[in-house]
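With these hints in hand, go ahead and build the complete structure from the sequences.
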Amino acid sequence: MRKTFFVLHKYTGLTLGLLVSLIGLTGSLLVFDHALDETLTPQTVTFKPSARPASYSEILTAAQATVPGNPTPTRLMTQRQPGSPHVVRFPTPEGAPGPIEVSVSPTDAEVLAVRGWGTSEYTMTWLYRLHYTLLAGKNGKTVVGFMGLLMMVFCITGAVLWWPKRKRAGKRDWKRAFSIARSGNRFRFYFDVHKVFGIYFLPLLLMISFSGVTLVFPTQVEAVVGSLFKVEPRPALPGSRAASGTPISPDRAVAIGEEVFPGGVLKRIYLPRNSEDSYGMTFRAEGEVWTNYGASFVRLDQYTGEVLLTQNVTEIPLGNKILRWQFPLHNGDALGIVGRWLVFVAGLVPALLFGTGLYLWWRKRQLRLKALQQREVVAPGLVTDT
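Residues in the sequence shown are numbered consecutively from 9, following our numbering.
In case anyone wonders, no lab produced these hints; they're calculated from the structure.
The reader is advised that the hints may include incorrect statements.
Claimed, not checked - Mimicking BS3-like on lysine-lysine, the simulated pairs with C-alpha atoms at most 25 Å apart in a straight line are:
{"#": "1", "residue 1": "Lys378", "residue 2": "Lys11"}
{"#": "2", "residue 1": "Lys173", "residue 2": "Lys146"}
{"#": "3", "residue 1": "Lys275", "residue 2": "Lys329"}
{"#": "4", "residue 1": "Lys179", "residue 2": "Lys11"}
{"#": "5", "residue 1": "Lys179", "residue 2": "Lys146"}
{"#": "6", "residue 1": "Lys18", "residue 2": "Lys238"}
{"#": "7", "residue 1": "Lys18", "residue 2": "Lys372"}
{"#": "8", "residue 1": "Lys275", "residue 2": "Lys56"}
{"#": "9", "residue 1": "Lys329", "residue 2": "Lys238"}
{"#": "10", "residue 1": "Lys275", "residue 2": "Lys11"}
{"#": "11", "residue 1": "Lys175", "residue 2": "Lys11"}
{"#": "12", "residue 1": "Lys11", "residue 2": "Lys238"}
Unchecked claim - Derived CB-CB ranges, DEER-like:
{"#": "13", "residue 1": "Lys173", "residue 2": "Ser235", "range": "34 to 40 Å"}
{"#": "14", "residue 1": "Thr127", "residue 2": "Arg194", "range": "27 to 33 Å"}
{"#": "15", "residue 1": "Pro325", "residue 2": "His42", "range": "29 to 35 Å"}
{"#": "16", "residue 1": "Thr227", "residue 2": "Arg194", "range": "31 to 37 Å"}
{"#": "17", "residue 1": "Ser235", "residue 2": "Leu375", "range": "33 to 39 Å"}
{"#": "18", "residue 1": "Gly145", "residue 2": "Pro90", "range": "35 to 41 Å"}
{"#": "19", "residue 1": "Arg184", "residue 2": "Phe55", "range": "54 to 60 Å"}
{"#": "20", "residue 1": "Gly344", "residue 2": "Leu214", "range": "18 to 24 Å"}
{"#": "21", "residue 1": "Pro99", "residue 2": "Lys173", "range": "35 to 41 Å"}
{"#": "22", "residue 1": "Leu214", "residue 2": "Asn193", "range": "28 to 34 Å"}
{"#": "23", "residue 1": "Phe14", "residue 2": "Leu380", "range": "19 to 25 Å"}
{"#": "24", "residue 1": "Thr322", "residue 2": "Val353", "range": "45 to 51 Å"}
{"#": "25", "residue 1": "Val53", "residue 2": "Ala189", "range": "30 to 36 Å"}
In this text, all values refer to a predicted model and were calculated from it rather than measured experimentally.
Idealized CB from N, CA, C, for every residue including glycine.
Listed below in structure tokens is the structure:
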């Protein structure tokens with residue numbers, strides 16, 4: 009069994025390790041995607057002073073006026089932190105890789121940037137496309153999902169191979185299993201680096217891989233989680249009950265939502281897509297441990313403001329909580345700044361493991377070829393490389 013795991017671990021790593029490394033490296037950068045984006049585009053965090061913050065209606069109106077054709081906005085993402093802009097999203101233009109996003113100053117509704125999501129000019133979203141779909145749409149997304157499953161296989165087979173064998177005295181050398189030798193032997197050093205980093209980061213790599221698989225294959229993972237824990241079906245998003253009328257303003261909708269989640273932090277406003285749709289808002293309700301993610305939500309009638317549906321993520325069944333935790337676990341937000349740095353470093357580990365594994369394979373191959381050549385000199389014609 010151990011030999012089978014070794015062959016599986018080695019050859020899948022050699023053939024697909026580079027792709028897994030690319031996904032890991034881009035994932036590390038995306039842990040701090042918003043902060044990096046604001047660093048790359050400092051104009052989006054340059055605000056004029058104002059006596060009062062701009063209203064959401066003013067934000068949406070200013071953003072809509074800058075987009076060709078004046079399309080109706082689909083959502084507003086509130087500022088990530090003080091000093092960050094609000095971001096308004098519009099439908100995806102034909103042939104474009106993603107929607108249009110407009111960064112707007114929260115102080116005076118000045119438009120700071122208009123960018124196409126997933127384009128090279130919007131660097132961090134381009135990296136997101138590379139990480140999530142390999143720039144290949146739905147097919148690439150599926151490949152990424154299978155790479156997540158493969159990473160879990162790497163973790164399991166690697167743990168089996170790492171497990172120290174019994175010595176003649178019947179004991180296992182646990183100290184050796186968790187340490188890196190400094191004897192000066194390069195092969196041994198790389199072997200220990202591969203082994204030790206792999207085992208120390210095993211829990212994080214499993215967590216990140218599983219959460220990534222959940223994001224790509226949510227239905228399948230929900231079925232698995234539902235077989236172990238109680239999972240309530242996802243509620244259907246209700247439409248507005250009123251047939252017609254004058255829609256309430258986004259600011260009024262937010263005020264109603266804040267009454268539903270007192271003490272909560274508004275994260276997103278989903279605007280009605282047509283005359284029959286409802287307002288939607290996500291909040292980070294009291295008790296939610298993450299910072300940039302809001303998992304609790306409310307839906308309102310766009311004409312009357314009636315609360316049609318609400319869900320507080322702190323009160324849902326365990327299975328649903330497990331599923332809701334996957335995205336903030338994947339990017340480290342659920343564990344705070346320490347968690348983000350841990351996920352950042354963990355994303356670099358597959359590249360380290362691939363590099364050290366590639367060296368070990370190459371070095372063993374060189375030694376084997378050298379031994380065959382020496383044997384050929386001693387007994388020419390009697391040795392073949394099998």
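Now the hints, each set against the structure:
| no. | hint | verdict |
| --- | --- | --- |
| 1 | Lys378 with Lys11 | holds (24 Å) |
| 2 | Lys173 with Lys146 | violated (44 Å) |
| 3 | Lys275 with Lys329 | holds (19 Å) |
| 4 | Lys179 with Lys11 | holds (21 Å) |
| 5 | Lys179 with Lys146 | violated (50 Å) |
| 6 | Lys18 with Lys238 | violated (38 Å) |
| 7 | Lys18 with Lys372 | holds (12 Å) |
| 8 | Lys275 with Lys56 | holds (23 Å) |
| 9 | Lys329 with Lys238 | holds (10 Å) |
| 10 | Lys275 with Lys11 | violated (51 Å) |
| 11 | Lys175 with Lys11 | holds (19 Å) |
| 12 | Lys11 with Lys238 | violated (39 Å) |
| 13 | Lys173 with Ser235: 34 to 40 Å | holds (36 Å) |
| 14 | Thr127 with Arg194: 27 to 33 Å | violated (44 Å) |
| 15 | Pro325 with His42: 29 to 35 Å | holds (31 Å) |
| 16 | Thr227 with Arg194: 31 to 37 Å | violated (47 Å) |
| 17 | Ser235 with Leu375: 33 to 39 Å | violated (48 Å) |
| 18 | Gly145 with Pro90: 35 to 41 Å | holds (37 Å) |
| 19 | Arg184 with Phe55: 54 to 60 Å | holds (57 Å) |
| 20 | Gly344 with Leu214: 18 to 24 Å | holds (20 Å) |
| 21 | Pro99 with Lys173: 35 to 41 Å | violated (60 Å) |
| 22 | Leu214 with Asn193: 28 to 34 Å | holds (30 Å) |
| 23 | Phe14 with Leu380: 19 to 25 Å | holds (21 Å) |
| 24 | Thr322 with Val353: 45 to 51 Å | violated (30 Å) |
| 25 | Val53 with Ala189: 30 to 36 Å | violated (48 Å) |
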